[in-house]
Structure formats: structure tokens, C-alpha cells
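Asker: As a plain string of letters, each chain reads:
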Amino acid sequence: MIGINNIPVECDVLVVGGGIGGLMAAISAADQGAKVVIAEKSNTKRSGSGSTGNDHFQCYIPEVHGEDMEPILREMNECLTGGYLDQDLTALFLKESFDRVKDWNKWGIDMRPHGTWEFNGHAMPGRPRIFLKYAGANQKSVLTNEALKRGVTIFNKLPIAEVITNTSGEVIGAIGVSIESEKPELKIFRANNVILTTGTTNRLYSPKTGGMMFNLGFCPSCAGNGRAAAYRAGAKLINLDIPNTHAGPKFFNRCGKATWIGVLKDYEGKPIGPFVTKPSKELGDITADIWHGVFGIKNKAGEPVYMDCSETSEEDIQYMLWGLTQEGDTSLLNYMDDEGIDVRKHMVEFSTYEPFLIGRGIEINDKAATNVPGLFAAGDEVGNFRADIAGAATFGWIAGKSAAERAQDIKTFEPAEKSSIVEEKKQFYSELLSREAGTANPSWKEVNIALQQIMTDYAGVEVRSEHLFKAGLKYLKDLKGKAISTMYCQNSHELMRCLEVLDLIQLGELIMLTAQDRKETRGKHNRVDYPFTNPLNNNRFITVQEVEGTAEIKWRDRH
Amino acid sequence: MPPVINKEECIGCGVCAEICPCDVLHMTGEDVPQITYPEECWHCNACVLDCAVQAIKLRVPLPAMMLYLEARE
Ligand SMILES: Cc1cc2nc3c(=O)[nH]c(=O)nc-3n(C[C@H](O)[C@H](O)[C@H](O)COP(=O)(O)OP(=O)(O)OC[C@H]3O[C@@H](n4cnc5c(N)ncnc54)[C@H](O)[C@@H]3O)c2cc1C
Ligand code: SF4
Ligand code: SF4
Chain B
1 MIGINNIPVE
11 CDVLVVGGGI
21 GGLMAAISAA
31 DQGAKVVIAE
41 KSNTKRSGSG
51 STGNDHFQCY
61 IPEVHGEDME
71 PILREMNECL
81 TGGYLDQDLT
91 ALFLKESFDR
101 VKDWNKWGID
111 MRPHGTWEFN
121 GHAMPGRPRI
131 FLKYAGANQK
141 SVLTNEALKR
151 GVTIFNKLPI
161 AEVITNTSGE
171 VIGAIGVSIE
181 SEKPELKIFR
191 ANNVILTTGT
201 TNRLYSPKTG
211 GMMFNLGFCP
221 SCAGNGRAAA
231 YRAGAKLINL
241 DIPNTHAGPK
251 FFNRCGKATW
261 IGVLKDYEGK
271 PIGPFVTKPS
281 KELGDITADI
291 WHGVFGIKNK
301 AGEPVYMDCS
311 ETSEEDIQYM
321 LWGLTQEGDT
331 SLLNYMDDEG
341 IDVRKHMVEF
351 STYEPFLIGR
361 GIEINDKAAT
371 NVPGLFAAGD
381 EVGNFRADIA
391 GAATFGWIAG
401 KSAAERAQDI
411 KTFEPAEKSS
421 IVEEKKQFYS
431 ELLSREAGTA
441 NPSWKEVNIA
451 LQQIMTDYAG
461 VEVRSEHLFK
471 AGLKYLKDLK
481 GKAISTMYCQ
491 NSHELMRCLE
501 VLDLIQLGEL
511 IMLTAQDRKE
521 TRGKHNRVDY
531 PFTNPLNNNR
541 FITVQEVEGT
551 AEIKWRDRH
Chain A
560 MPPVINKEEC
570 IGCGVCAEIC
580 PCDVLHMTGE
590 DVPQITYPEE
600 CWHCNACVLD
610 CAVQAIKLRV
620 PLPAMMLYLE
630 ARE
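Line by line, the protein sequences give chains B and A. For the first sequence, our numbering gives the first residue as 1, with consecutive numbering after it. For the second sequence, our numbering gives the first residue as 560, with consecutive numbering after it.
Read the hints as simulated data drawn from the structure, not as lab findings. You may find that some hints are simply not true.
[To be verified] Capping the alpha-carbon separation at 20 Å, the derived lysine to any residue pairs in SDA-like fashion look like this:
1. B:K445 with A:E598
2. B:K183 with A:H585
3. B:K470 with B:D457
For reference, chain B alone in the conformation it holds in the complex (with noise of 0.2 Å):
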């Protein structure tokens, strides 16, 4: 039977995931007041996909803008994260957005690093640029010091696995999985206000280098547990229908095309897109952002697409390699140097990474409240608002001081590990841990390759169909029988990602239950049974969400 540590933590605010939203809300939350604890998968210095840096941070500056926030807004809308989001949640972040952006400056995360603000990259020639240039390398160990700072707790190496709720269908506290050591251990928080931070879900779909499926653009221990959790408890999910890819270096997979100065060219050398010619700092090439089938396309007519930064000034080419450096990308350079990749004489190979889930995911206000009280969202998972890593600071934020605010309200605790769902989790954990190593039973990564075919070929971005989707939620319906009945795990670390695979295919069967309601094709939604886009669908999300043990599927207006 798997351990369980008898005694609760009890805390105003349970932060879930320790990157850039959850160490921002835990932050905002002790400013306010509130006792915070931070449960983190790994360790928050080093954790999530903000892990060893970014440099390109979304904000509305009214001193470098204009007073007037209107053609900043549209930019928004039409940017790379543009597209699914909530245009009140998007006005919200622009207004605040500054406000993080000295609170990183004061703490240590060089925000000006050439001395002004200084907007460069991820813009179309003639249009207001929004993506301020900053040094965030440091950023993780930054916000990981202002939280302990403000006497927040942090348990590392604690992976969250469910949201406790009591019969009134309120938040009481959470389930955690202590991957410290060898032998897994529950912890049990109790706690009225719950933040989820967990990030993109990542390991959905086959990988495009056979078989390595951590060889991502984002983090690949962020694999949808918040999501699941929230789901679970009762929070509706949005727009999980429409699928999302990143792209970059081919095969190496890293996050950052926008940092790289170049142009995107064909095989002769002749530049793909209508947006640049000749590269400056100012104006990378921007077709990759906005035309996200370019890759696909061309590679389909027999082209491959490269980034050629061969025409680059040498001062813009010293401006990229610090850029890529602040990004976090120091594997690509190392890598590039100890391969003799000279960018001023090469051009690499780009191409589209596999899909995932960023800017899809919980459904939250303007207070980062979902509707299940005392639950809260922030970051990547969100799903009606994404601007990455401004908006993981900026909602992280809101979010804190919303949970906190709860918090004074609600001063007793409600004895969650005394929920059935703990005992219901403690049997199957330990029996997850009992089952027969070895051959005899399907290991976790079994299980995700398996999982990954299924969503590559039956919710994939090539072809959608009302047929694909049924046969699809056949087939995880199998396949989620047998990994619930036959998965083995012989230690934490495997647990953990047991875990993450159940959650995997829960989300898959709700992309695949939600894209089957969209009957028209939209961005990657290619329908090829409804290939008409529909403007009468134009700015209309679909939600789903547990009702009495049934995905209730809806659909709503932006707003």
C-alpha cells in the first residue's frame, strides 16, 4: 500500500505548478496577506518551460505606444497567440502588464538590458511592435527568491493529481504525489483556494523524432494534470477543439524561432514569406508566426524551409546569439558550436513541431476564477487568454490576489484527507505499484505511444472527420481500459508519469468529443467533412465540462 504522510498541510492558497504563473501568484498572494504554499513537480528554479530563460515579453507601454491601447489590442489579436481569446481578459492584461514588467526590473530580471524598452521581434513591417526584448535568463531563480522572500513554502518534487471538492462542489484542498524518493508518499493539502499553474500538455501526439518523446519544444513535464484535475472537479475546459503547433530548428526541438534574425528560404535560397527580404533586429521574419501551415505546405511541394541568417549584419548576429542565449536556448548554441553550425554561413533546416495544448484549457474570469469555487487558473493552461509568458506573470498575479482576497472570507478548514476520493486514489495508486513488472504488463511510455498514434491519426492536423473522431474515442476508450486494468509503475518517478498519462488521454477524448461538435474547418481544424469555415462560427469557443458524470459540450461567444 502506498504511503501517506498523516499530517495535512493546511494553507490559504495552494499554488499547483511552481513556473513562471505559479511563482507569481504565490508572490501576489503573500503580498496580500494569505499563508501560500507552492506544490511543484520538479524544482521551481529550474522548473517548467521557463526553465533557463526567455527574452520576448507582451506588454502595452504607453510611453513607447500611445496613449491609446486600441492598435496595441489588435496586435494582440493577430500576433502568433493571438486568435482564442477573450477580448475583456486581453484589455485586463494589457492594462496590468507594465505593472509586472517593473516588478521584474526592481526584483533582478533585466527588462531594459540595452537601456530603453526596447520592442524588437515577433512584428510585421509597419505595425506597433509588442513583444518588449528582455534578459530573462536569471528569471527562474528571480521569482523562485521573491517568493521565499515573502515566506511562501515550497514543496519540490511534488506533482499535484487532484482537486478535492466537498458536496457543495468547493474547493477543500489537493492531492499530492511525493516523488522525493524511491517510494511514492500522498501528501494531503488542505486548502479553500486553489491555484493551477501546470503549464502547455505536451506528449499528446507522436513526436517528430521517432520514439523521443521529451525531445519538445516546451516543457515535457508539463502534461496536462492541472487541466484534468480542473476538469475533474467540475471547471469547464475551452477550446480544446482547435490545435495549436510550434516551430523551429529541425530535429533539434527548441522553443524561440522569433529570436533567430533571418529569413525563411527555400532550398535555392529564394525567401518564402512577403515579409522581409533583408533581416534586421527590428524585423526578424515574421511568416512563421502567422502562416502556421508554411512548413507543411512547402514540405508537402517538395521543399524543405530553411532560416538563413547569412545576410544579417554581424552586430544583429551578436544581438541574436544574446538573444538565444537570454531565451534559454544555450543547448542549441553549444550544440551549434561543438557541430562547426557557423548562422552566418549556414542556413538550418526549420519545420513544424508536433501539436499540443497551449492557450487551451480552463475556462477563467477576470479574477483567473474558474466556475468552481475557490478554483483558480493561470498561465498556459488557460484557455480563453494566452500570452505566454506575459500573460503566465500577469494572470499569475490576478490570480494570487483573487485566491487571497477568498481567503479572508473563508478561515476554516475543511478535513479533506478524509474525502473518498483520497482512499479511492490511495487503492489504485498502490495498485498501480503492485502490478508485474517487466513484460508482463504495459509500461507508462507504452501506454503514451500508444495514446500518441491514436491522436496522430484520429485528431490530428492533416485530416479531421466525424468518422476519424468516432473510431478515435473507440479506440481510447479501449485504451484507457486496458492502462487502467494493466499499467505497472515500480517506483515514484514512474508513478508520476502514469499519472500523466491517464491525464493525457482524459484530454484526448475531450479534444476529440469538443472538434467533433465544430462542424467547419478553422486554422489546423481541417474538416475535411466540412471544409467550409463558417463565418457565422467566427468568435465562437467551445466549452466542455463534467455533468453528472458526462462531458457537457457548449458553445459561447468571445468576449
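Given chain B's structure and the hints, the job is docking chain A with the ligands onto it.
Answerer: Using the frame of chain B, we list chain A with the ligands on its own:
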């Protein structure tokens, strides 16, 4: 597969095992961390950056090799 630890240089401080975002490395009582799950490495470089004595390097596996050509004139 990555990471690769130089046993001569490593001082066994355990920092890499503590901070790895993917729980790839573990201190299992020996002097040098064990690379328990090499195939779960994200190539993020955090362990390389945080090792105070530069005892870690990444070896990027061949399926993840970068593809490049001479730039055109
Ligand atoms: C190389 C790279 C460069 C990037 N550059 C930029 C850029 O320049 N500009 C930009 O806007 N964006 C950039 N991004 C994206 C940006 O890093 C993310 O949008 C941002 O980190 C999102 O913050 P978050 O808090 O939502 O998620 P994350 O920072 O990913 O944090 C999620 C956290 O949750 C933890 N976690 C997961 N599951 C659990 C669980 N069950 N229990 C507890 N904890 C859990 C994870 O370990 C992680 O710490 C980049 C990403 C990468 C990888
Ligand atoms: S490169 Fe990153 S994921 Fe790989 S072992 Fe080092 S810290 Fe872990
Ligand atoms: S951080 Fe460096 S010195 Fe410390 S245990 Fe890891 S490899 Fe050894």
C-alpha cells in the same frame, strides 16, 4: 544519450539531480549522480548551467541532430 557526467570532475553535490525539470538524474548514494532516465531528457541545459564545476555536457542524440546547408550566394 544526454547528459554525460565527467566522473573525475563531479564533486557529488547533487544540484543537477535537484533541479532537473524532468527528474532524469538521481543521487542514489554513490558519489556521482545516476542518469536514471536518459530518454526523458529535454535538452534544456539546466544541469549544465547549474553544475558549479562544469562536470556535465549534453550529447544530443542523432535523431535530434540539426539539419543545415551552406547558405546560398
Ligand atoms: C525555450 C523556450 C523559450 C520561450 N521563450 C518565450 C518568450 O521569449 N516569450 C514568451 O512569451 N514565451 C516564451 N516561452 C513560453 C513561456 O516559457 C511559457 O509560456 C511560460 O513559461 C508559461 O508559464 P506557466 O507558468 O504557465 O507554465 P510553466 O512556466 O511551464 O510552469 C508550469 C509548472 O508546472 C509544473 N507542473 C506540471 N505539472 C504539475 C503538477 N501536476 N503538480 C505540480 N506542478 C506541476 C511544471 O514543473 C512547471 O514548473 C518559451 C518557452 C521555451 C521552452
Ligand atoms: S538537460 Fe535538462 S532535462 Fe536533461 S538532464 Fe539536464 S536538466 Fe534534466
Ligand atoms: S551538479 Fe555537477 S558536481 Fe554536482 S552532482 Fe551534478 S555533475 Fe556532480
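Asker: A separate judgement is required for each hint: does it hold in the structure or not?
Answerer: Here is what the structure says about each hint:
no. : hint               : result
1   : B:K445 with A:E598 : holds, 11 Å
2   : B:K183 with A:H585 : holds, 13 Å
3   : B:K470 with B:D457 : holds, 12 Å
Violation of the numbered hints given earlier is absent; every hint is satisfied by the structure.
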